[in-house]
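Assemble the whole structure, with the sequences as input and the hints as a guide.
There are 2 protein chains.
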Amino acid sequence: MARTAGSHAETTGPKVRAVALRLFARYGYAAVSMRQIAAEVGVQAGALYNYTPDKQGLLMSLMQGHMHDILEARQATSSEGDAVQQLEAFVKFHIGFHLARPEALFVSYMELRNLEPQNFARIEALRRDYENELEGILARGAAEGVFTLDDPKISTLAIISMLNGVVNWFRPDGRLGLGDVEQIYWGMVRRAVGAAE
Amino acid sequence: MARTAGSHAETTGPKVRAVALRLFARYGYAAVSMRQIAAEVGVQAGALYNYTPDKQGLLMSLMQGHMHDILEARQATSSEGDAVQQLEAFVKFHIGFHLARPEALFVSYMELRNLEPQNFARIEALRRDYENELEGILARGAAEGVFTLDDPKISTLAIISMLNGVVNWFRPDGRLGLGDVEQIYWGMVRRAVGAAE
DNA sequence: AAGCTAACTGAACGGGCGTTCAGATCAATA
DNA sequence: TATTGATCTGAACGCCCGTTCAGTTAGCTT
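Chain order of the listed sequences is A and B. When we follow the numbering used here, the leftmost residue of the first sequence carries the number 95, and every step to the right adds one. When we follow the numbering used here, the leftmost residue of the second sequence carries the number 95, and every step to the right adds one.
Source of the hints: derived by calculation from the structure; they are not laboratory data.
The calculated DSS-like cross-link candidates involving lysine-lysine, where the alpha carbons are at most 27 Å apart (straight line), are:
{"no.": "1", "chain 1": "B", "residue 1": "186", "chain 2": "A", "residue 2": "247"}
{"no.": "2", "chain 1": "A", "residue 1": "149", "chain 2": "B", "residue 2": "149"}
{"no.": "3", "chain 1": "B", "residue 1": "247", "chain 2": "B", "residue 2": "186"}
{"no.": "4", "chain 1": "A", "residue 1": "149", "chain 2": "A", "residue 2": "109"}
{"no.": "5", "chain 1": "B", "residue 1": "109", "chain 2": "B", "residue 2": "149"}
{"no.": "6", "chain 1": "B", "residue 1": "247", "chain 2": "A", "residue 2": "186"}
{"no.": "7", "chain 1": "A", "residue 1": "247", "chain 2": "A", "residue 2": "186"}
Take a look at the structure:
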């Protein structure tokens with residue numbers, strides 16, 4: 095039996111990516127086999143190779159896709175206002191974006207070490223592009239004297255780390271909603287950089 | 095050949111743990127084989143089983159050891175003073191402890207998903223014990239009115255996330271020394287919780 | 001000097017891995 | 001309706017996995 099009724103590339107392709115993302119996030123890239131992915135997709139392992147050249151390519155595609163998505167979404171977000179307003183927008187954007195796709199964040203930050211060197215370099219470059227957006231805001235605010243910062247680079251990394259941590263505990267059915275989380279983290283970030291209320 | 099000159103349990107045992115920690119931190123638990131560990135130790139794979147019941151036990155032992163070490167070291171740190179001083183001590187302790195053993199932090203935070211459920215529960219409990227120390231300080235400071243906090247629990251997790259991020263970029267031969275890092279992060283944490291200078 | 005035993009080797013076990021590919025199947029095209 | 005080509009199966013490839021264990025060796029004890 096092949097080509098079961100209702101199975102087309104348009105559905106299988108995205109399904110492969112979705113399943114791989116979920117399994118990689120849950121168990122880790124190295125711990126997930128192509129056969130496991132195939133089983134959850136509902137095909138044999140060989141069929142996966144219609145959608146990826148190999149397992150590494152699948153991971154790379156997921157990570158590249160995530161970085162592309164976030165950079166694009168960030169671009170689409172209007173960034174008007176002073177440094178404080180821009181920082182607020184960045185913080186809330188970052189939280190909102192990742193709470194909507196926690197698995198992508200998990201994979202993007204934990205599977206870097208499983209990328210082959212050349213792929214690693216490409217993802218790192220995209221990540222730096224994104225982090226530079228925050229660093230730019232911090233530097234601008236520091237120059238304008240509205241932020242108190244010891245070191246813009248370190249502050250950038252510290253804030254990103256803090257924000258990323260949200261996916262470790264947030265539960266959609268928990269006591270806090272997205273708005274609450276945005277407010278709490280924005281408050282901490284705002285105070286951390288010494289911005290007035 | 096067996097029992098090569100100079101190889102005893104007292105040296106091989108710790109070596110197994112050290113090698114496993116380094117490899118797990120670098121490549122991930124699932125991606126590292128017992129044969130790889132054995133090769134770096136300088137023995138055959140079978141010999142590892144004189145020092146661990148199985149691979150999972152080796153991971154568990156490393157993580158349990160780390161949590162035990164940090165709780166013990168924390169206990170040994172005098173925690174006198176008001177809430178602000180206690181927070182400062184905690185922040186600097188946390189940074190100093192982990193910058194001295196970044197691999198242990200890597201493994202402890204990234205390999206949780208590779209623990210069998212019962213082991214996971216044990217490690218989580220220890221981790222909560224540690225985080226409760228910080229939460230206690232924050233709660234006390236909030237009660238005394240010296241801290242501005244929206245949510246002690248979330249603040250605890252946010253601060254820990256921020257501090258843990260330090261091992262992602264810190265390099266012993268970089269431009270910043272331990273003292274600088276402690277100062278920068280303490281500054282951000284202090285402001286984040288709204289504590290006066 | 002002899003015996004003991006901790007420490008280790010080397011081979012083997014069953015099983016799963018990523019990947020390939022000839023052949024089967026079915027939706028769309030002509 | 002006949003043909004094509006995208007899609008998938010099922011089996012196979014060589015390789016590596018975690019773990020076990022009988023046998024060998026070397027340092028300690030007596």
